[in-house]
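Enquirer: Please model the entire structure based on the sequences and the hints provided.
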Amino acid sequence: MTSSIFLVEALDVQNWTYILVGLTFTLYIGIAIWSRASSTKEFYVAGGGVSPLANGMATAADWMSAASFISMAGIISFAGYDGAVYLMGWTGGYVLLALLLAPYLRKFGKFTVPDFIGDRYYSKTARLVAVFCALLVSFTYVAGQMRGVGIVFSRFLEVDINTGVIIGMIIVLFYAVLGGMKGITYTQVAQYCVLIFAFMVPAIFISIQMTGNPIPQLGFGSTLSDGSGTYLLDKLDGLSTELGFSEYTEGSKSMIDVFAITLALMVGTAGLPHVIVRFFTVKRVKDARKSAGIALLLIVILYTTAPAVAVFARTNMIETVSNQSYKDVPEWFKKWETTGLITFTDKNNDGLIQYVADKNKNELVVDNDIMVLANPEIAKLPNWVIALVAAGGLAAALSTAAGLLLVISSSVSHDLIKKIIKPSISEKGELIAARLSAVGAVCVAGYFGINPPGFVAAVVALAFGLAAASFFPAIILGIFYKRMNKEGAIAGMIVGITAMLLYMIKYKLGWFDEALPDKSEWWFGISPEGFGTVAMILNFIVSIFIMKFTPEPPEDVQEIVENIRIPSGAVSAIDH
Amino acid sequence: MTKRNAKAYWKENIRYVLILLAIWFLVSYGASILFKDALNNIKVGGFKLGFWFAQQGSMYVFVILIFVYVRLMNKLDKKYGYDE
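Residue numbers (full-length UniProt numbering), protein chains in the order written: chain A, 1 to 576; chain B, 1 to 84.
Derived by calculation from the structure, the hints in this document are not laboratory data. Ideal placement from N, C-alpha and C gives every residue a C-beta, glycine not left out. One thing to keep in mind: the hints can contain errors.
To be verified - Using C-beta positions, here's what the derived DEER-type ranges look like:
(1) A:THR163 <-> B:GLU12: 39 to 49 angstroms
(2) B:TYR60 <-> A:THR320: 41 to 51 angstroms
(3) B:ALA38 <-> A:SER325: 58 to 68 angstroms
(4) B:ALA38 <-> A:PHE197: 31 to 41 angstroms
(5) A:GLU559 <-> B:ILE14: 17 to 27 angstroms
(6) B:GLU12 <-> A:GLY569: 11 to 21 angstroms
(7) A:VAL159 <-> B:LYS79: 54 to 64 angstroms
(8) A:PRO551 <-> B:ARG71: 40 to 50 angstroms
Claimed, not checked - Dumping the calculated EDC-like pairs for lysine to aspartate or glutamate here, alpha-carbon to alpha-carbon at most 20 angstroms:
(9) A:LYS283 <-> B:ASP83
(10) B:LYS7 <-> A:ASP556
(11) B:LYS7 <-> A:GLU559
(12) A:LYS107 <-> B:ASP37
(13) B:LYS3 <-> A:ASP556
(14) B:LYS11 <-> A:ASP358
(15) A:LYS283 <-> B:ASP77
Expert: Listed below in structure tokens is the structure:
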């Protein structure tokens with residue numbers, strides 16, 4: 001007994017990380033072998049018989065990426081109130097999904113989003129445009145995930161980032177190729193459990209430490225446990241203004257931009273193919289509605305904790321380092337300095353760390369990602385908790401990467417090969433094609449993970465804008481507007497995605513000008529992140545305008561629309 | 001008859017959706033963004049109310065909205081005989 005307690009204390013972070021990461025990986029691979037796919041239906045939609053609870057958990061894990069797990073709380077802790085755009089944007093979209101999309105797409109009963117677009121708009125061109133949009137959105141998104149896997153591996157297992165990416169590729173390859181949607185779904189159920197546990201444990205520990213309240217969501221609105229009776233948020237507002245930042249609870253973005261970004265993220269969420277395809281895997285229409293609710297509930301557990309973590313981490317960090325002597329900084333500070341994620345330059349040579357808003361006087365630069373990764377160390381939590389965060393970060397990155405790879409492979413094997421290039425392909429041939437395209441997709445994603453083009457990070461956030469500008473209007477009009485025809489939908493999608501791409505290239509990447517144009521040149525003061533809202537509105541306007549001057553859709557298509565509005569009689573996704 | 005049935009069902013469905021989306025909009029874009037400053041004058045515990053809606057409240061409301069919709073639609077399915 002004593003020896004085992006001794007063992008628990010003697011293990012350092014490194015060993016704990018090996019143990020926890022090793023255990024979770026064994027679990028994922030075990031599940032993948034047990035649930036491997038044997039038909040295209042199992043490969044694309046897990047056989048269509050997944051329970052709403054399992055589907056909700058898988059959707060939640062699929063949804064919460066390395067960005068949600070590692071970066072979001074950090075971004076919020078630097079952005080304060082403005083961080084709400086991510087919190088609301090990445091959850092509010094599920095309301096749109098549950099009320100406007102999921103039930104009808106499930107009733108429609110096909111495998112992919114381009115399937116819906118292609119059939120509803122009775123056109124190969126529409127399908128091709130949809131395939132192009134799906135690939136563009138998914139590839140920008142997945143490259144960021146592979147990078148996330150690499151970073152977690154390299155920081156916690158002390159291998160270099162490239163080795164980390166390759167290990168990640170092999171793991172994902174194994175269960176995405178073998179298991180298809182079926183394998184992915186059940187590994188994601190396990191990954192949800194790992195990641196939510198890993199996120200909540202440190203948050204609860206720190207909440208108790210700082211406020212005495214074990215529930216982080218309440219803790220960050222409570223008084224400090226130091227007996228002063230001051231509210232934590234008031235204290236942080238005070239600290240922020242003292243250092244020259246705007247008040248934490250006020251933020252600094254303009255109202256119209258906050259509005260536009262939130263809407264673009266919400267609509268983008270509802271338009272992301274790897275999220276939508278989730279609702280093809282349940283049995284009945286009512287299960288699709290229910291599983292959207294369960295997924296959001298499970299996501300919101302993490303999303304309401306993140307702003308609390310942000311407040312704890314920021315207060316803790318300011319108190320630990322601001323105006324302290326550089327010689328006496330704690331060990332974690334030095335450790336993260338070696339990774340380059342914390343940098344300190346003593347501009348006035350007084351040996352103290354000045355952390356202030358004024359760029360000329362500020363001496364400390366802290367990367368967003370540290371807030372979650374180093375938080376347990378800053379709060380001096382036990383080693384196993386620190387290691388747990390690594391396992392959680394990997395679960396989040398792997399589950400999202402796998403979901404995206406599946407969308408890419410089904411777009412290629414089903415929408416391109418089976419539906420356009422070679423309709424005569426056999427079920428067996430299609431399954432082989434699906435597996436091969438998954439392998440191809442992993443390799444491309446891995447390549448971008450190892451050689452990230454400078455713009456990947458910038459573009460990941462914009463994947464939402466692209467989805468909002470292309471799919472969302474086409475699907476909504478397809479369900480709610482019987483008269484919408486192929487001419488309108490195709491024109492709308494093309495105009496929407498082109499507008500989004502051009503705005504992004506001009507104002508985010510700066511390829512059209514010598515230098516990146518200034519904020520003051522943004523249209524209506526809307527940032528590239530929020531422009532998806534404008535592009536979406538453009539898509540709607542163009543679709544409806546063109547539709548007015550072109551023939552209405554054929555009788556049988558109008559019947560399809562009437563049919564998907566009735567929930568009963570949903571057949572399981574059939575090959576047709 | 002079945003066509004009339006389907007039409008009536010669709011109409012009621014749209015009514016539910018519009019009401020729920022109105023609440024969705026009021027909470028996220030209203031309370032959390034447009035009227036944030038006014039609501040921030042009210043404090044609940046350590047939270048300014050506008051800030052709380054933006055970083056906590058709106059998300060709880062989203063979850064509730066979906067489950068309310070699930071309940072309403074399950075009842076509606078039964079009423080029109082589309083339950084299975």
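Enquirer: Can the suggested window of 41 to 51 angstroms be confirmed for the beta-carbon pair TYR60 (chain B) and THR320 (chain A)?
Expert: violated (32 angstroms)
Enquirer: For the pair GLU12 (chain B) and GLY569 (chain A), does the Cβ-Cβ distance stay inside 11 to 21 angstroms?
Expert: At roughly 19 angstroms between Cβ atoms, GLY569 (chain A) and GLU12 (chain B) fall inside 11 to 21 angstroms, so the hint holds.
Enquirer: Verify the proposed pairing of LYS7 (chain B) with GLU559 (chain A), using a straight-line Cα cut of 20 angstroms.
Expert: holds (13 angstroms)
Enquirer: Can you confirm whether the C-alpha distance between LYS107 (chain A) and ASP37 (chain B) stays at or below 20 angstroms?
Expert: violated (43 angstroms)
Enquirer: With the threshold set at 20 angstroms, check whether the alpha-carbon distance from LYS11 (chain B) to ASP358 (chain A) stays at or below it.
Expert: The given pair, whose Cα atoms are some 57 angstroms apart, is violated under the 20 angstroms limit.
Enquirer: Has the hinted range 54 to 64 angstroms been met by the Cβ atoms of VAL159 (chain A) and LYS79 (chain B)?
Expert: holds (60 angstroms)
Enquirer: Between ALA38 (chain B) and SER325 (chain A), does the C-beta distance stay in 58 to 68 angstroms?
Expert: Taking Cβ atoms as reference, ALA38 (chain B) and SER325 (chain A) lie about 44 angstroms apart, which means the hint is violated.
Enquirer: For the pair supplied as a hint, LYS3 (chain B) and ASP556 (chain A), is the alpha-carbon distance within the 20 angstroms limit?
Expert: holds (16 angstroms)
Enquirer: Does ASP83 (chain B) lie within 20 angstroms of LYS283 (chain A) when you go C-alpha to C-alpha?
Expert: Given that 20 angstroms is the threshold and the Cα spacing comes to 13 angstroms, the pair holds.
Enquirer: For the range 40 to 50 angstroms, tell me whether the beta carbons of PRO551 (chain A) and ARG71 (chain B) fit it or not.
Expert: holds (41 angstroms)
Enquirer: Taking the CB of GLU559 (chain A) and the CB of ILE14 (chain B), does the distance hold inside 17 to 27 angstroms?
Expert: holds (19 angstroms)
Enquirer: Is the straight-line distance between the alpha-carbon of LYS7 (chain B) and that of ASP556 (chain A) 20 angstroms or less?
Expert: Satisfied, since the Cα-Cα distance of roughly 18 angstroms is no more than 20 angstroms.
Of the hints listed earlier, those the structure fails to meet are numbers 1, 2, 3, 12 and 14, in rising order.
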